[in-house]
Structures are given as structure tokens and as C-alpha cells.
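Chemist: Each chain, written out:
There are 2 protein chains.
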Amino acid sequence: MPDTSLYGSIEAGGTKFVCALGTGPDDVRALTRFPTTTPYETLDQAIAFFKEQPELPAALGVGSFGPVDPDPKSSTFGHILSTPKPGWSNTDVRGRLHEALGIPIAFDTDVNAAALGEYRWGAGQDVETVLYLTVGTGIGGGLVINGQPLHGMPHPEMGHIFVPRAEGDSYAGKCPFHGDCLEGMASGPALQARWETPAQDLPEDHPAWAMEAHYLAYALVNFILTCSPQRLVLGGGVMHQMHLFPMIRERVQTILNGYVRHPAVLDEIDAYIVPPGLGDQAGVLGGIALAQMLNLD
Amino acid sequence: MPDTSLYGSIEAGGTKFVCALGTGPDDVRALTRFPTTTPYETLDQAIAFFKEQPELPAALGVGSFGPVDPDPKSSTFGHILSTPKPGWSNTDVRGRLHEALGIPIAFDTDVNAAALGEYRWGAGQDVETVLYLTVGTGIGGGLVINGQPLHGMPHPEMGHIFVPRAEGDSYAGKCPFHGDCLEGMASGPALQARWETPAQDLPEDHPAWAMEAHYLAYALVNFILTCSPQRLVLGGGVMHQMHLFPMIRERVQTILNGYVRHPAVLDEIDAYIVPPGLGDQAGVLGGIALAQMLNLD
Numbered sequence: 002m003p004d005t006s007l008y009g010s011i012e013a014g015g016t017k018f019v020c021a022l023g024t025g026p027d028d029v030r031a032l033t034r035f036p037t038t039t040p041y042e043t044l045d046q047a048i049a050f051f052k053e054q055p056e057l058p059a060a061l062g063v064g065s066f067g068p069v070d071p072d073p074k075s076s077t078f079g080h081i082l083s084t085p086k087p088g089w090s091n092t093d094v095r096g097r098l099h100e101a102l103g104i105p106i107a108f109d110t111d112v113n114a115a116a117l118g119e120y121r122w123g124a125g126q127d128v129e130t131v132l133y134l135t136v137g138t139g140i141g142g143g144l145v146i147n148g149q150p151l152h153g154m155p156h157p158e159m160g161h162i163f164v165p166r167a168e169g170d171s172y173a174g175k176c177p178f179h180g181d182c183l184e185g186m187a188s189g190p191a192l193q194a195r196w197e198t199p200a201q202d203l204p205e206d207h208p209a210w211a212m213e214a215h216y217l218a219y220a221l222v223n224f225i226l227t228c229s230p231q232r233l234v235l236g237g238g239v240m241h242q243m244h245l246f247p248m249i250r251e252r253v254q255t256i257l258n259g260y261v262r263h264p265a266v267l268d269e270i271d272a273y274i275v276p277p278g279l280g281d282q283a284g285v286l287g288g289i290a291l292a293q294m295l296n297l298d
Numbered sequence: 002m003p004d005t006s007l008y009g010s011i012e013a014g015g016t017k018f019v020c021a022l023g024t025g026p027d028d029v030r031a032l033t034r035f036p037t038t039t040p041y042e043t044l045d046q047a048i049a050f051f052k053e054q055p056e057l058p059a060a061l062g063v064g065s066f067g068p069v070d071p072d073p074k075s076s077t078f079g080h081i082l083s084t085p086k087p088g089w090s091n092t093d094v095r096g097r098l099h100e101a102l103g104i105p106i107a108f109d110t111d112v113n114a115a116a117l118g119e120y121r122w123g124a125g126q127d128v129e130t131v132l133y134l135t136v137g138t139g140i141g142g143g144l145v146i147n148g149q150p151l152h153g154m155p156h157p158e159m160g161h162i163f164v165p166r167a168e169g170d171s172y173a174g175k176c177p178f179h180g181d182c183l184e185g186m187a188s189g190p191a192l193q194a195r196w197e198t199p200a201q202d203l204p205e206d207h208p209a210w211a212m213e214a215h216y217l218a219y220a221l222v223n224f225i226l227t228c229s230p231q232r233l234v235l236g237g238g239v240m241h242q243m244h245l246f247p248m249i250r251e252r253v254q255t256i257l258n259g260y261v262r263h264p265a266v267l268d269e270i271d272a273y274i275v276p277p278g279l280g281d282q283a284g285v286l287g288g289i290a291l292a293q294m295l296n297l298d
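The listed protein sequences derive, respectively, from chains A and B. Using our numbering, the first residue of the first sequence is number 2, and each one after it goes up by one. Using our numbering, the first residue of the second sequence is number 2, and each one after it goes up by one.
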């Protein structure tokens, strides 16, 4: 029996919050966006959005920037942990929302929520294991395995893996922790710093894109070899450059060199490495999917 | 209620097979090892071992070299797929054993079996997510998440990820598919080829070991960031060099540079990156754990 309850969602990003109320992608009844300022002001604005709706949702799903504590058994479940975002370290996001709204609240990383949204309603509906990677201001990844977002200690930080440098690339890297990790070499700000041009202004035939495809393809190869996802969904601002997709797919095949003998890689890579089926709403719809997983019965 | 049934196990390696009968690590009633020759001869030898026991096991768990098909819903479940091992491509290992023994048979990769053995009875008993990496003739990894071995398309091949080269290392790499992937740079044969000396003959202060620690530490960092395992268990012949453990742990901390703010990495890394609790029996005991998962009731 389909779940017809009304659910709320918050995509809590470091730059902006997106709040929505609905039952799924075809039935979003209200949606709002506002900039992320202080925790107090921003969470109050989210709370006000839900309070002014005709009815409160049955539950709320929050996908948050991090690092976060996504472990329901932990005493800091639903907190943002030590984060570079000023003022937000150790914010009890879930606690504040629960106190104000009095409804059950699911909580995970923004990228796990997006991976779940894509698994439930987007580009990963037909498979069991979905990896979602966002490439934008930062790089981050979420993984859903048989419908369950992956946690650990406390959760993946896929944007910071290390891959071999592109030939001739002498850029030092922009990550304050690691220098030339993936995020340091391939995020939007890294592109801009290396080429002294905003990513969106680089023409399609600029060598920047072959280099970007190099880093993203090696990252995907490592993800494929490490956790064997059945679909790779690439979102975020940098991936709006749709010409990157064929470049990345070709590189992935070249690097793997026939080693992973699966039709998804060998013959159907156009359907394996894909943009989000939900577009830029993967995260906020994923929040609704998170809330639905609470099994309120 | 503890499961007191008698189970069988086969660790089907590319070099040797290990067969055992028992209920767990404290109760192995019979065990044998023999070289891997042709599929027909080798599987017949395994079948003969179980038939000559006083009673047949309730079920059999097989952890096999690969690549394999570990998906019970697939038509080639339990087959070894296209493998460099001569004569073994497309061998229906599970089918042959089932036909001869007539008992339920669980089937997975050798490294998933080892990860499961460590999760059940070894170094990963107290956590939910265990990654097992073997570093020997080849490099391979298995991952158990909440007691379930991870599959995908068809399963991880962690030994073939790519990491940055060590400074000054001009060795081309030994992997026939990828050249300088992890296995190409850090397997036992790669060590021997680079230094023209068998790994076990290299003294502890030889620069080979700092370089080996570089490659393995970068690999572990990538695994930590990608799938967030709560314990990393390193087995296989090369890891018999126990002096590698402190070198790898230190490098992992240096590379992560405080980014993963978890006590396991920051303060308790000696208990985070560890040798197998079951020693060289992780694989064969993992087969018993695999068989137990069949839930025969």
C-alpha cells in the first residue's frame, strides 16, 4: 500500500536551506529556499515554514551538510559535528527541530539523502546500490545499499579520496586539510583557482575539462572497485556541464581496461554514470524519502 | 540460542584449497589443505573430504577466488567468472558441490568470507562494519556491513584502486590490467620485482617498507573515506611483516590530517587497523559463518 502521509524535508546546505512538504516528487505541496546564516536564525526560519502550513507533516527528514552524527544510537545523533562553517559546530539540528515541531525526525548527510532520493524516485530506481556524488563548491558522496544509507565512523567523506595526478598538472590543490585530494583538485573553486576563470566561463574545448574528467573518472573507478555501486549519479554545480559526462564515461572505461567485466561498464555506461533523475531536487526529495523510512506505523 | 549444527567450509584459493568441518573457531573437527589444480580434480578432492567425514555438514560455505558471481538471484550464482587462472573461467563451483553433496551451499568471494569470519569471531566482533584486505600474491578486499557481505556488480575489487605514487618511485607496476594500480605497486610480486628481492628477504630497515606503507596507507585512507568501515583488518602474506602495521597507522593519520575526527583514527588507531584475529584461518572460518547465514530453519 503506498504511503500517502504528508512528509516534510529539509535539505540543510552550507549555503542555503531548502524546505519542502509533500508525499513524493509528483506531489510537492510547498517548497522554500533561504540562505544559511546562523544556526538559530536558519533553523527558526525552517520551523516557521512548517508551522505556517495547513497541517504539520507526519515526520520530517533532514539531509544536512556535515560532518554530522547520523547514528540514532549515539548521544549526539542529529548534531552537526566539528565543521569549518562558522558558528555551526556542535549544533543539535535534530533536537531543535524536534523540540519546536514535536514530530519524528530522520537525519542523515545531505549526500545520503540525495542518494536515497535517487534510489527511491530518480536514476537509481531499478538497482539496489546507488552512489551519489555531488561536485560543486565541495565534493561529497553518499551511498545507499539495499535501500539503507551507509554510515560508519560516522559516515563517508568520498570527496576527500586521493587519486593520481593528471600528467602536467602542477596545481597544489585547494583542500585546507589535504591539499591535492579529489576536492582539492576537482571542486568548482579548485577549477576556478587553477585556471583563474570561474568554471562556468571555461569553454567546452578548454583543457580544464579533460583534466576535470581525469580526476572524476579516477574517483569513480576507485568507488566502483571499492563498493561496487550499481549506479553512479553525479550532481552538483560542476556537473551542470553536461559535456563532462561522455568524457568521464570514456575515461572510466579506459582506466578500468576491461577488468570489471560487467555490462554496465562494458556496454551500457551511458546508463551507469548518469545525472540525477530528480535534477537539483534529489536532496530535498531524499529528505522526504528519509522521513518515510521512519515506519511510523 | 547458539547454532550447534555442524557446518562445512571451503576457502577456494587460486593456489590452494582449505576445507574444514566444525561449528566455529573453537570447534574445528577436521581440516585439510591441497593445491588448486584443475577444477575437476580440485573440486573432487573437496567433495571427497566431506564425504569421508562421520557426518555431512548441515550446509557448506564457500569463499572463492574470483571474480565470482555471488548473487543468489543470478543464473550464474556460484560460478567463477572470467579469471586469469587457467581452466577455471566459468566453473560452476557451487553447482558441482551441490550436485555431489546435496546440501545447501552459500557462496561468496574469499575476501568477503574472511571479512565475515573476522566480523563474527575475530577482530571485528565489536563493530558493525568490517573491511578485510589481503595483501599477498594479489591484493583483494571484502566488506561486511551490519553482518551482510557487500556485493554489487558483481563485487568489489579493492586491490585495483589507484592511489598517488610514492615520491621517487619509478616502478611501472605489475598489474596486467592497470600497471600501477594498488596491486600493481604493492602486492608481494610487485615488491619482489621492484627490489629484485623476495619480500620476506627485505630487512626491516629497507626503504621498500616505507614505500609499501605509503601505498597501503593511501589505500586505507581511500577506503575509510569511501565506505567508513569501523575496523580495518589486514591479512595475507605481506602483512606477516608485523613492522608494517605501525608504519601504515602513522601514515594514515598523517594523510588524513585530522579530517576524520573520530577516536578510532585520532586516538585508538592501534585497535582500528589490525591483523586478523583469526590469523590465517579468517577465510576458512568465514566459510563456516557464511554457511550459518543460510538460516536453515
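FYI, nobody ran anything at the bench for these hints, they're computed from the structure. It is possible that part of the hints are untrue.
Note that the list lumps identical chains together, so a pair holds whenever it fits in one copy or between two copies.
[What the hints assert, rightly or not] Straight-line alpha carbon distances no greater than 16 Å define the calculated EDC-like cross-link-like pairs of lysine to aspartate or glutamate that follow:
id	residue 1	residue 2
1	Lys74	Asp127
2	Lys17	Asp268
3	Lys74	Glu129
4	Lys86	Glu168
Chemist: Going back to the hint list, which numbers does this structure go against?
Modeler: Numbers 2 and 4, in rising order.
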